[in-house]
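**Student:** Based on the provided sequences and hints, a complete structural model is requested.
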Amino acid sequence: MAFRHIGKPAPRKDGNDIVTGKATFLRDFSLPGMLYVKVLRSPHSFAEIVSIDTSKAEAMDGVKAVLTYKDAPENWRAGMPVHRKVLDKIVRCVGDGVALVAATTENTAEAALDLIDVKYELLTPVYDPDEAIKPCAPQIWEQFPNNTFPPGCWQIDHGDVIFDKIVMGDVNKAFEECTLVIKDKYTYNAFPSPLAPESPGVIVRWDDEDEITVWATSQSPNIMKLFGMDLMPDVKMTVNAFNVGGSYGNKQHMSNEFLYAALAAKVTHQPAMCYLSKTEHLLTFDQRLGNTMELKIGVLEDGSIHAIQGDWIVDTGMSSVFAQGESEVGLGEAQLVTIKCKNWDLKTKIVCTNRVLSGMVRGFGGQELKSILIPLCLKAMKELNIDPVQGFIKNLVSEGDEYIWRDGKPQTCVGVNYTKAIEETAKAFGWENKWKGWNKPSSVKGNKVVGVGVGVHANADAGEDDSEALIKLEHDGTVLVECLVGESGMGQRNAACTFAAEVMNVPLKNVKITPMNTLLNPKDFGLAGSRGTRTIGTAVHNAAMDAKRQLLERGANAFGVPVDAVDTEDGFIFLKELPEKRMPWIAVLSPMESIVGKGVFKENFQSPNFFIMFVEVEIDLETGQADIINVVGGSDIGQIIDPIAVKMQCHGTFGSAGTDTGLYEGHVFDTYTGHVMTGNMIDYKWRPFNDFPEFETVLLESGYDFAPFKGIGVGEITGSAGPAAVLMAISNAIGVEMHEYPLTPDKILKALGKA
Amino acid sequence: MKDYIVLNINGDDYEFSLGKRLGQIPPSETLAQTLRERLNLTGTKISCGHGACGCCAVLLDGDAVASCMTLTVECDGKKIVTIEGLQDPVTGELDPIQRAFLDYSAFQCGYCTPGIIIAAKALLNKNPHPTDAEIKLALSGNYCRCISQYQVVDAIKSII
Chain A
892 MAFRHIGKPA PRKDGNDIVT GKATFLRDFS LPGMLYVKVL RSPHSFAEIV
942 SIDTSKAEAM DGVKAVLTYK DAPENWRAGM PVHRKVLDKI VRCVGDGVAL
992 VAATTENTAE AALDLIDVKY ELLTPVYDPD EAIKPCAPQI WEQFPNNTFP
1042 PGCWQIDHGD VIFDKIVMGD VNKAFEECTL VIKDKYTYNA FPSPLAPESP
1092 GVIVRWDDED EITVWATSQS PNIMKLFGMD LMPDVKMTVN AFNVGGSYGN
1142 KQHMSNEFLY AALAAKVTHQ PAMCYLSKTE HLLTFDQRLG NTMELKIGVL
1192 EDGSIHAIQG DWIVDTGMSS VFAQGESEVG LGEAQLVTIK CKNWDLKTKI
1242 VCTNRVLSGM VRGFGGQELK SILIPLCLKA MKELNIDPVQ GFIKNLVSEG
1292 DEYIWRDGKP QTCVGVNYTK AIEETAKAFG WENKWKGWNK PSSVKGNKVV
1342 GVGVGVHANA DAGEDDSEAL IKLEHDGTVL VECLVGESGM GQRNAACTFA
1392 AEVMNVPLKN VKITPMNTLL NPKDFGLAGS RGTRTIGTAV HNAAMDAKRQ
1442 LLERGANAFG VPVDAVDTED GFIFLKELPE KRMPWIAVLS PMESIVGKGV
1492 FKENFQSPNF FIMFVEVEID LETGQADIIN VVGGSDIGQI IDPIAVKMQC
1542 HGTFGSAGTD TGLYEGHVFD TYTGHVMTGN MIDYKWRPFN DFPEFETVLL
1592 ESGYDFAPFK GIGVGEITGS AGPAAVLMAI SNAIGVEMHE YPLTPDKILK
1642 ALGKA
Chain B
-12 MKDYIVLNIN GDDYEFSLGK RLGQIPPSET LAQTLRERLN LTGTKISCGH
38 GACGCCAVLL DGDAVASCMT LTVECDGKKI VTIEGLQDPV TGELDPIQRA
88 FLDYSAFQCG YCTPGIIIAA KALLNKNPHP TDAEIKLALS GNYCRCISQY
138 QVVDAIKSII
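Residue numbers (our numbering), protein chains in the order written: chain A, 892 to 1646; chain B, -12 to 147.
In short, the hints are calculated from the structure, not lab data. Don't take every hint at face value.
[Unchecked claim] In silico EDC-like links for lysine to aspartate or glutamate, alpha-carbon gap of 16 Å or less:
| hint | chain 1 | residue 1 | chain 2 | residue 2 |
| --- | --- | --- | --- | --- |
| 1 | B | Lys7 | A | Asp952 |
| 2 | A | Lys913 | B | Glu24 |
| 3 | A | Lys1187 | A | Asp1125 |
[Stated by the list, open to error] To give an idea of the interface, some chain A residues facing chain B are shown, with a C-beta separation under 8 Å as derived from the structure:
| hint | residue |
| --- | --- |
| 4 | Gly912 |
| 5 | Ala914 |
| 6 | Gln1030 |
| 7 | Trp1032 |
| 8 | Glu1033 |
| 9 | Leu1086 |
| 10 | Met1120 |
| 11 | Asp1121 |
| 12 | Val1135 |
| 13 | Ser1379 |
| 14 | Gly1380 |
| 15 | Met1539 |
| 16 | Gly1543 |
| 17 | Met1568 |
| 18 | Thr1569 |
| 19 | Pro1579 |
Note that the Cβ used here is the ideal one computed from N, Cα and C, for glycine as well.
**Tutor:** Now the structure itself:
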């Protein structure tokens, strides 16, 4: 299909503002009379507040409120299922909120924190999820015995079936049928931070006793509103967002900061902002989940995975934010890369420990899952001496395959087959020449060894949840997209405009999009799971088609011809047979009216997206230092919407605590004090500008008929395949099977027997 | 000791009173705070607050500095250029680096972009024809978590 706009680079509509410093982010905005909220944080990982004296802080000029657990409303609670009060008498991790100060300036609020006197009685913490689930372990929450959260997440499973395990077939019988049965355990629990450059922040203003308006650094204002329904029942909430300075799925609901600002604003009757410092962001905001998987995997002679049995333990920290939902998606994703397996006994357990909470991050648990599941599957391939690329092809979901998705319902795969994408990406990487076999380096030069690795990820959430859009046409050729699309870097607002411009056949310049506000716009779930390309794409397409039909009916009537004899271009309606015969939209659409079209998309889990990543890692055998020197990532995304935007999404594998969590990225946690030691951007390691490897992307465009613009999103998952690929490359390079992330020099030297 | 300082910011002189009273600049105030909170030049972004990420970079007598780690009182008599000062104030014409970033879509969320453009400007002022390695080294103090680095290098290379 020939497109006018789709598939071509589209200059970002907010681009001029971004390069000139005029783009507005939350911290650049304020409300009249707005107060600043600062948080006194716990120095202990588990303690009870015995006494708290706020009198000196309250007496300070400029301080409008000092709030403690005594002020926390009983029915405002966060977490899943809701359990966490705004402030509590018990603190459950270092950095947990103890008191809030709302003041006229940020400096005043910070200074007042120092005047609050708190006495604690220390409790015995537990940091290891294996210990936490034992009957004798300290109980972090009274209502959750064995430190285990109940399963279920209505936003993900829609409240019908709780999908916390896959039990099907007969695993014992199936293991007997297998050529090989292996058992092993892998962990991914360095709790890295996705660390957007812009810290999380929320402003709350009470408009009435049961109505609030929120401005937030949320990539998806509607997701924030959905969370708000649970956090603050019976309060109507309107959420606004601006440009968001990076999110990576992480800055969605910001429950703590939202509740802090809301409580301060309620008590003071003034709008209030809670905006985290970078240290607070690193130490107290949602991190990646901790994961351990101990599995028994049975494989048939041809490399088909035939039976899986075991436990998946998810360490969510002191409170579950969304871990139940992430594991429900994870169980679905596990099947997509082991699609031949019909004998399962895999159970999940969501465990709390006395460290900072974990939550939603790009990959939505998929990266964490794949970082431990893929090495387990590959271990089986290794024992059978099967090339991992062939192993992936053998076990990957494809047209007609069946799986159970996150809502517990069976699905049959439609429209996708990634074999060619795998083969083409492998070819671009030079896999055939570089792969020398399991646990073998691809080259050795003195003290330097090079190994290659590969990882995959697939996710059927690329069509998750519903979208609605309206298209409004105006007399002067303006096309307004009314759809709740955020902008945290992915360019989806531009993409929504591109979709409308394509259908209405107008220059992109003519298309505008409504501000990010939950009241102004029709419903859309929000940006998550790479869903925007298909879901928003379909809704905008259908809305534009509806508006176009109405416009052309008017044009046909004016020309006195059937509707299929006319079309539109650049704000004119013309006769297809005689294109020079044309009239401007204003001839049939007066400045006193508008045409409005509506489009919807209904959730569809049948067509998973996919990403494969090959890496080449060089290791210095003397120092244990490992460097990624070459990357090739690929997929078949059906149709490229914007080639630059999608290429940068692929590069994003190195951001948002992605591939580098395989190599060096993660927090350093002191299990003696319960403190995280990496609370600033000097100690927390990230990849600098001058340390990026060669990167090639291979994106096939087979044109998917299930989407109006033939494409499927891939942005979210480009990091998910990375850590496992790095682990495999290092294992191959040094000839030792590695099991724990990140693969820092100390671990490599230890594996080499040098430390 | 002087009780005021003069800063030339984006071509205009600003005289500030020093002290701890309301409205005066205290010794602890950073240049980033002065620019953002007193002059509403919010294009300069604050991220790490430790001088590690480059989001708050401004030109100080032609060099890129971290304004979150620079005390305003130390800038007396200095010439400061922020992201807002790169565009021609009369014609509105963008600096060639800004133009290149637009043409190459060399950003995603855009939060770190002002700092990266300032660092690139400082580099090109001193070294109009840098090599790839020199470009990357000059930007090594700039954090970009969306990963637009590859596109940024291409954008800068397009104008040298």
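**Student:** Evaluate each hint against the coordinates.
**Tutor:** Outcome of the hint check:
no.: 1; hint: B:Lys7 <-> A:Asp952; in the structure: 15 Å, holds
no.: 2; hint: A:Lys913 <-> B:Glu24; in the structure: 15 Å, holds
no.: 3; hint: A:Lys1187 <-> A:Asp1125; in the structure: 47 Å, violated
no.: 4; hint: Gly912; in the structure: 2 Å, holds
no.: 5; hint: Ala914; in the structure: 6 Å, holds
no.: 6; hint: Gln1030; in the structure: 37 Å, violated
no.: 7; hint: Trp1032; in the structure: 33 Å, violated
no.: 8; hint: Glu1033; in the structure: 38 Å, violated
no.: 9; hint: Leu1086; in the structure: 6 Å, holds
no.: 10; hint: Met1120; in the structure: 27 Å, violated
no.: 11; hint: Asp1121; in the structure: 28 Å, violated
no.: 12; hint: Val1135; in the structure: 6 Å, holds
no.: 13; hint: Ser1379; in the structure: 5 Å, holds
no.: 14; hint: Gly1380; in the structure: 3 Å, holds
no.: 15; hint: Met1539; in the structure: 6 Å, holds
no.: 16; hint: Gly1543; in the structure: 5 Å, holds
no.: 17; hint: Met1568; in the structure: 15 Å, violated
no.: 18; hint: Thr1569; in the structure: 12 Å, violated
no.: 19; hint: Pro1579; in the structure: 5 Å, holds
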